[in-house]
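Enquirer: So in our numbering, the last spot in the sequence shown is 149, and the numbers never skip.
The reader is advised that the hints may include incorrect statements.
The calculated lysine-lysine pairs, modelled on BS3-like cross-linking and capped at a C-alpha distance of 30 Å, are [unchecked claim]: (1) Lys42 <-> Lys116; (2) Lys147 <-> Lys116; (3) Lys136 <-> Lys114; (4) Lys38 <-> Lys113; (5) Lys114 <-> Lys143; (6) Lys60 <-> Lys118; (7) Lys118 <-> Lys107; (8) Lys38 <-> Lys20; (9) Lys63 <-> Lys20; (10) Lys136 <-> Lys116; (11) Lys114 <-> Lys147; (12) Lys38 <-> Lys63; (13) Lys63 <-> Lys147; (14) Lys147 <-> Lys118; (15) Lys140 <-> Lys60; (16) Lys42 <-> Lys147; (17) Lys111 <-> Lys140; (18) Lys114 <-> Lys60; (19) Lys18 <-> Lys63; (20) Lys113 <-> Lys18; (21) Lys136 <-> Lys147; (22) Lys60 <-> Lys38; (23) Lys118 <-> Lys140; (24) Lys116 <-> Lys60; (25) Lys114 <-> Lys42; (26) Lys136 <-> Lys18; (27) Lys143 <-> Lys38; (28) Lys42 <-> Lys136; (29) Lys113 <-> Lys147; (30) Lys20 <-> Lys60; (31) Lys63 <-> Lys113.
It is worth saying that the hints were derived from the structure and are not from the lab.
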Amino acid sequence: MYYSTLVHEYGHILMYKQKQWNRMFSPFCSNYVSLGKCSNKNSRANQFYEEFWAGDLEKDWKTMRVDGEVDYEFYDLYEADFVTFYAMTDPDEDFAETFEYFLFTKEPTKTKKGKYKNLADAKLGFFFEDPQMLKLREKMLKNLLKHY
Numbered sequence: 002m003y004y005s006t007l008v009h010e011y012g013h014i015l016m017y018k019q020k021q022w023n024r025m026f027s028p029f030c031s032n033y034v035s036l037g038k039c040s041n042k043n044s045r046a047n048q049f050y051e052e053f054w055a056g057d058l059e060k061d062w063k064t065m066r067v068d069g070e071v072d073y074e075f076y077d078l079y080e081a082d083f084v085t086f087y088a089m090t091d092p093d094e095d096f097a098e099t100f101e102y103f104l105f106t107k108e109p110t111k112t113k114k115g116k117y118k119n120l121a122d123a124k125l126g127f128f129f130e131d132p133q134m135l136k137l138r139e140k141m142l143k144n145l146l147k148h149y
């Protein structure tokens, strides 16, 4: 549990790397906004948001919250779209949880048509299809094995 928590938190660090964000929030930002900052268009944070959150999922997420928490109605609708229940908290937690799963699981398989079976697998594919992320995964796993 200790290492998975560290990996999850590293997922946040990876998402919040300075070069991926504009220094100041702009009310005219059309990219993903988190922690009061506007993501750069080609950042991993914005790509993850655009590919997996923008649209109906985000709209439902915003309307199906109770006291700022994910509602079970939302969970019932979108369960297959997230690697964990906690990933439904917001795009930032979804990114970190998916990164954690990316590090510790196998690459999901695609259907004969070259698609993932669900959105959760597609999110994992987001990391598995990125050569930089694969190199990082290999390095992190080697380092974790030294201490486990």
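Enquirer: Indicate, hint by hint, whether the structure satisfies it.
Expert: Comparing the hints with the structure gives:
1. Lys42 <-> Lys116: Holds, because 25 Å separates the two Cα atoms, which is no more than 30 Å.
2. Lys147 <-> Lys116: Roughly 36 Å between the alpha carbons, so the hint for lysine 147 and lysine 116 is violated.
3. Lys136 <-> Lys114: It holds: about 27 Å lies between the C-alpha atoms, which stays within 30 Å.
4. Lys38 <-> Lys113: Given that 30 Å is the threshold and the Cα spacing comes to 40 Å, the pair is violated.
5. Lys114 <-> Lys143: violated, 34 Å
6. Lys60 <-> Lys118: This hinted pair holds, its Cα atoms lying about 23 Å apart.
7. Lys118 <-> Lys107: holds, 15 Å
8. Lys38 <-> Lys20: With a Cα-Cα distance of about 12 Å, the restraint between lysine 38 and lysine 20 holds, given a limit of 30 Å.
9. Lys63 <-> Lys20: With Cα atoms ~28 Å apart, lysine 63 and lysine 20 stay inside 30 Å; holds.
10. Lys136 <-> Lys116: The hint holds at about 23 Å.
11. Lys114 <-> Lys147: violated, 39 Å
12. Lys38 <-> Lys63: holds, 19 Å
13. Lys63 <-> Lys147: violated, 42 Å
14. Lys147 <-> Lys118: violated, 34 Å
15. Lys140 <-> Lys60: violated, 37 Å
16. Lys42 <-> Lys147: Violated, at roughly 37 Å.
17. Lys111 <-> Lys140: Distance of about 25 Å is within 30 Å: holds.
18. Lys114 <-> Lys60: Measuring from Cα to Cα gives roughly 29 Å; hence the hint holds.
19. Lys18 <-> Lys63: Between lysine 18 and lysine 63 the Cα gap is close to 26 Å, so the pair holds against 30 Å.
20. Lys113 <-> Lys18: violated, 36 Å
21. Lys136 <-> Lys147: holds, 17 Å
22. Lys60 <-> Lys38: holds, 21 Å
23. Lys118 <-> Lys140: The given pair, whose Cα atoms are some 28 Å apart, holds under the 30 Å limit.
24. Lys116 <-> Lys60: Given that 30 Å is the threshold and the Cα spacing comes to 24 Å, the pair holds.
25. Lys114 <-> Lys42: holds, 29 Å
26. Lys136 <-> Lys18: holds, 17 Å
27. Lys143 <-> Lys38: Status violated; Cα separation ~33 Å.
28. Lys42 <-> Lys136: holds, 23 Å
29. Lys113 <-> Lys147: Given that 30 Å is the threshold and the Cα spacing comes to 38 Å, the pair is violated.
30. Lys20 <-> Lys60: Distance of about 28 Å is within 30 Å: holds.
31. Lys63 <-> Lys113: violated, 34 Å
Hint violations for this structure: numbers 2, 4, 5, 11, 13, 14, 15, 16, 20, 27, 29 and 31, all remaining hints satisfied.
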